[in-house]
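Chains A and B, in that order, are what the protein sequence lines are. Under our numbering, the first residue of the first sequence is numbered 1, with each subsequent residue one higher. Under our numbering, the first residue of the second sequence is numbered 1001, with each subsequent residue one higher.
Derived by calculation from the structure, the hints in this document are not laboratory data. As the structure is a computational prediction, the values presented were derived from the model and not from experiment. Each residue gets a CB set at the ideal place from its N, CA and C atoms; glycine is no exception. Watch out, some of these pointers could steer you wrong.
Said to hold, decoys possible - Simulated coverage check for chain B against chain A, where a stretch passes if three residues somewhere in it have a Cβ under 8 angstroms from a Cβ of chain A: (1) 1011-1022; (2) 1078-1089; (3) 1164-1171; (4) 1184-1192.
Unchecked claim - What follows is a list of derived Cβ distance ranges for each label pair: (5) A/130 x B/1100: 58 to 68 angstroms; (6) A/123 x B/1248: 27 to 37 angstroms; (7) A/41 x B/1102: 50 to 60 angstroms; (8) B/1089 x A/30: 52 to 62 angstroms; (9) B/1103 x A/15: 29 to 39 angstroms; (10) B/1119 x A/123: 41 to 51 angstroms; (11) A/9 x B/1009: 27 to 37 angstroms; (12) B/1122 x A/15: 48 to 58 angstroms.
Stated by the list, open to error - Over 12 angstroms on every C-beta distance to chain B, these chain A residues come out as not near it, computed from the model: (13) 42; (14) 62; (15) 63; (16) 101; (17) 116; (18) 127; (19) 177; (20) 186.
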Amino acid sequence: MASAIEVAGVSKSFLIPHEQRTYFKEYFLHPFRRTQYERNEALRDVTFSVEAGEFFGIFGPNGSGKSTLLRILAGIYVADAGRVRVNGLLSPFIELGVGFDLELNARDNIRINATLAGLTRRQLDARFDEILEFSELERFVDQKLKNYSSGMLMRLAYSIAIQIPFDVLLLDEVLAVGDESFQQKCFATFERFKVEGKTVVLVTHQLDLLKGFCDRVLLLEHGVVSAVGAPADVIDAPHEGALVG
Amino acid sequence: MRVLRVVGVIQGYVWSLAKPLAYFGVLWLVFAHLLRTANQTEHFTLFLLIGILLFTFFSDTVGVMLPSIVHGGSILRRLAFPPILVPLSASVGTCITFLVNISALVVFIGIGRVSPRPAWLLVLPLLAELYLFCLGVGLLLGALYVRFRDIGQLWELGVQLLFFASAIFYPIGILPGWAEKVAFVNPFVQIMQDVRHAVLGTSGPNDVTAASVYAGAGGRAIPIALALLIFLGALAFFRREGRYFAERV
Chain A
1 MASAIEVAGV SKSFLIPHEQ RTYFKEYFLH PFRRTQYERN EALRDVTFSV
51 EAGEFFGIFG PNGSGKSTLL RILAGIYVAD AGRVRVNGLL SPFIELGVGF
101 DLELNARDNI RINATLAGLT RRQLDARFDE ILEFSELERF VDQKLKNYSS
151 GMLMRLAYSI AIQIPFDVLL LDEVLAVGDE SFQQKCFATF ERFKVEGKTV
201 VLVTHQLDLL KGFCDRVLLL EHGVVSAVGA PADVIDAPHE GALVG
Chain B
1001 MRVLRVVGVI QGYVWSLAKP LAYFGVLWLV FAHLLRTANQ TEHFTLFLLI
1051 GILLFTFFSD TVGVMLPSIV HGGSILRRLA FPPILVPLSA SVGTCITFLV
1101 NISALVVFIG IGRVSPRPAW LLVLPLLAEL YLFCLGVGLL LGALYVRFRD
1151 IGQLWELGVQ LLFFASAIFY PIGILPGWAE KVAFVNPFVQ IMQDVRHAVL
1201 GTSGPNDVTA ASVYAGAGGR AIPIALALLI FLGALAFFRR EGRYFAERV
């Protein structure tokens, strides 16, 4: 089978200045002072591949580089070293509700968000009701999003995301704030993706999700891949024990 | 809801027209009636209005492009797309406002009984040059603003200085010769004087263009080349910086 995602030797570090120098005037006030930087290596030589049609899980403690990795896959961040190849249409679902305009109602946000994600006007018209129906937010459609709870925002965002055509879907920590019944609905869509042969990369802290849905999982610790393999092998194997939900 | 939104849009344009007109009113009162410098300039009303409309377009366009990357940061962190679209789309709004504002100019041209001339067509390439210049400055400052959050204050100061240095409300002919040469390095001054010349067609001591100051068509190339250079430099800088906007905003 062809691989949907190939990641080879990817490293990424962020420079963290010891003293913040975000004002131009500081270059006039202290022209000769050099800023000291600390290098935070978010990812170090990360290599893995995801097969087409695979349901791939990524987990690891907070700050281990999961979101950075996902952003690099999505082309939002540029890797310092290494190579990333994605075959097929990629749809990122990163950072819940960002890209929503909280001052607008759900109706307008669905239109803006879906357009940003690549739906044409005709596709949007055809799927608008489906989006709303899946989110079960019909009652609140004319309310401004600033009055939505985080759970409602997540419902809306996920309902839009699954209507975007994709071959590879990146999901970052999406189900954490949904209620029980919505989680069940999301699981149903997961099953559908599997049947349709879509590739899904899921980042989550919920181990039962990884065990329930993923073909393979990857454990990321301190920016390094510490294990890749079948969920049962990776999750239950003894490791640093830093897995805090 | 929809009616309210339409009313809101119309109100928005009315206000965008109010700002340059208010500027114009104040300057016109001071210079045409209190100081009477207007006597030196034919069609002073139109002369002033053209300057203000062009400068408002310039300062507004750069003004919206400057913070656009930082304000649009949440989308840049979520989707991968060419970041240049963010400042470009911001500039579309001020272009529309400018087109609306031109209607005010048309009214005053009618009042001033200036008859249409073929030279008016020259305004189009001049406006294209102005937009290019706006994009250059806007992209440069917009990319810098991601790194230095006080560029905004610096720009506010700069725009004030440019306003007074650009011969908007005084005839540029009152400057000594060397100062004229300095002033015309600024592409905005060249564009404004050329537009005034093309629209009003007056010839007098104040009908000064880059061509007359630098003696010849070759001299006209100086501000045009500068506008182009700023644009290309800004584009290259923006592309280089743009790779890292998502992690810096």
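Here is what the structure says about each hint:
1. Look at the region 1011-1022 of chain B against chain A: 0 of its residues bring a Cβ nearer than 8 angstroms to a Cβ of that chain, fewer than three, so the hint is violated.
2. Check on the region 1078-1089 of chain B: 3 of its residues sit with their Cβ under 8 angstroms from a Cβ of chain A, so the three-residue criterion for coverage holds.
3. With a cut-off of 8 angstroms between beta carbons, the region 1164-1171 of chain B has 0 residues touching chain A; three or more are needed, and the interface restraint is violated.
4. For the region 1184-1192 of chain B, the stated coverage by chain A is not satisfied: 0 residues place a CB nearer than 8 angstroms to a CB of that chain, which falls below the threshold of 3.
5. The given range of 58 to 68 angstroms is broken by residue 130 of chain A and residue 1100 of chain B, whose C-beta atoms sit roughly 39 angstroms from each other.
6. A beta carbon spacing of about 33 angstroms between residue 123 of chain A and residue 1248 of chain B agrees with the range 27 to 37 angstroms that was offered as a hint.
7. The hint said 50 to 60 angstroms for the Cβ distance between residue 41 of chain A and residue 1102 of chain B, and at roughly 55 angstroms that hint holds.
8. Take residue 1089 of chain B and residue 30 of chain A: their Cβ atoms lie about 37 angstroms apart, and the range 52 to 62 angstroms is violated.
9. Between residue 1103 of chain B and residue 15 of chain A the beta carbons are some 50 angstroms apart, a value that contradicts the proposed interval 29 to 39 angstroms.
10. Checking the proposed 41 to 51 angstroms range against residue 1119 of chain B and residue 123 of chain A shows it holds: the Cβ atoms sit about 49 angstroms from each other.
11. For the pair residue 9 of chain A and residue 1009 of chain B, the beta carbons lie near 52 angstroms from each other, so the given range of 27 to 37 angstroms is not met.
12. One distance hint, 48 to 58 angstroms for the beta-carbon pair residue 1122 of chain B and residue 15 of chain A, holds here, with the actual separation near 50 angstroms.
13. Not every beta carbon of chain B lies more than 12 angstroms from that of residue 42 of chain A, the smallest distance being close to 10 angstroms; the non-interface claim is violated.
14. For residue 62 of chain A, the condition that its CB be more than 12 angstroms from all CB atoms of chain B holds, with the nearest at approximately 18 angstroms.
15. The claim that residue 63 of chain A lies off the interface holds: its Cβ sits roughly 15 angstroms from the closest Cβ of chain B, which is beyond the 12 angstroms cut-off.
16. For residue 101 of chain A, the requirement that its beta carbon stay farther than 12 angstroms from each beta carbon of chain B is not met, with the minimum near 10 angstroms.
17. At roughly 6 angstroms from the closest C-beta of chain B, the C-beta of residue 116 of chain A falls inside 12 angstroms, breaking its exclusion from the interface.
18. Chain B leaves residue 127 of chain A outside its interface by the beta-carbon criterion, the shortest separation being 19 angstroms against a cut-off of 12 angstroms.
19. The beta carbon of residue 177 of chain A is kept farther than 12 angstroms from every beta carbon of chain B, the shortest such distance being approximately 17 angstroms.
20. No beta-carbon of chain B is positioned within 12 angstroms of the beta-carbon of residue 186 of chain A; the least distance is around 19 angstroms.
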